[in-house]
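K.L.:
Residue strings, one per chain:
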Amino acid sequence: MTDKIKLAASFIKALPHSAALGMQLQSIEAGTAVISMPYNDQLVGDPKTGVIHGGAVSALMDTCCGAAVMSHPSNPAGTATMDLRIEYLRAAVPGQTITTTATCYHVTRSVAFVRAQAMDEDSDNPVAIATGTFTVEGKR
Amino acid sequence: MSTRRPPEPVQVVKQRRDKVLRAMVDGVPYIRFLGIEFERRGDELTGIMPFKDSLIGNPMLPALHGGATAAFLEVTAIITLSWGMLWEDMESGALDVTNLDHAHLPRLPKTIDFTVDYLRSGLPRDAYARARINRSGRRYASVHVEAWQDNRARLFAQATGHFVMPQRSE
Chain P
1 MTDKIKLAAS FIKALPHSAA LGMQLQSIEA GTAVISMPYN DQLVGDPKTG
51 VIHGGAVSAL MDTCCGAAVM SHPSNPAGTA TMDLRIEYLR AAVPGQTITT
101 TATCYHVTRS VAFVRAQAMD EDSDNPVAIA TGTFTVEGKR
Chain U
1 MSTRRPPEPV QVVKQRRDKV LRAMVDGVPY IRFLGIEFER RGDELTGIMP
51 FKDSLIGNPM LPALHGGATA AFLEVTAIIT LSWGMLWEDM ESGALDVTNL
101 DHAHLPRLPK TIDFTVDYLR SGLPRDAYAR ARINRSGRRY ASVHVEAWQD
151 NRARLFAQAT GHFVMPQRSE
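These protein sequences, in sequence, are chains P and U. First residue of the first sequence? That's 1 in full-length UniProt numbering, and the numbers climb one at a time after it. First residue of the second sequence? That's 1 in full-length UniProt numbering, and the numbers climb one at a time after it.
With the rest of the complex left out, here is chain P (with noise of 0.2 Å):
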């Protein structure tokens, strides 16, 4: 169980697009995984106002949920993302780290049912909110 954490945390630093947005994985156990992405110049949507990309808060979520996904104790062998709806209810503070928390809370033989939260350094007020489906490879 623990090797497939393992090896769960290093096959997520090995995601070239994840890796590029700075993402780094604060922790990964049963279904719930924490992944955080530093405040970066480059990825700012609105040159006005400095706030992140909202693509960016996506490519994180999705990047979040998929984890939670491989390390949830049915243990898949891979996943992919089928459906992610994210709703943003606020813009995230320039210059804040943004942490989402991911939880797969439903796997069948086929589908993984998945929540997941945004949180810049205000931990009280989430940044975003998304719920997705996975597919299921390969369970051994």
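Everything hinted at is true.
With a cut-off of at most 25 Å between alpha-carbon atoms, the simulated PhoX-like pairs for lysine-lysine come out as follows: (1) U:K19 - P:K48; (2) U:K110 - P:K48; (3) P:K13 - U:K52; (4) U:K19 - U:K110.
The hints are simulated quantities; they were obtained by calculation from the structure and are not laboratory data.
Fit chain U to the given chain P structure using the hints.
P.N.:
Just chain U now, with coordinates in the frame of chain P:
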């Protein structure tokens, strides 16, 4: 008896439209980070995301990262929406095209929600996207966007998003 103005020379029209489009796209750091470009035919825009290694999600397949796909769709939706919003002012001359940095362009629409439907895995090739504005009101807009790679009819992802339109200063 008619006081109709003669039509503008075609290169003047093209130059103005391309300049506004470029100003809109070049000002956004994240669009540059992903390497997304836009092609224009009249008012129709096509987003292009040329393939590069840093867009890969799963290195075993390899496939585009779902996040890169989502971002590409969202960028295409926002630029197409802003472009539609600017079109009339640009064509009528109400928009001053001599000074077109982001300080002088209207604010961008803000995403309320965005739902991506992943239809097949993104191949390590260039991707294309076009958005359709299904509704654009004073306050809200609804946009659908489709992305494909080798075959226009075989979409690899599509999305629908809702946006808050920037309030225009009177």
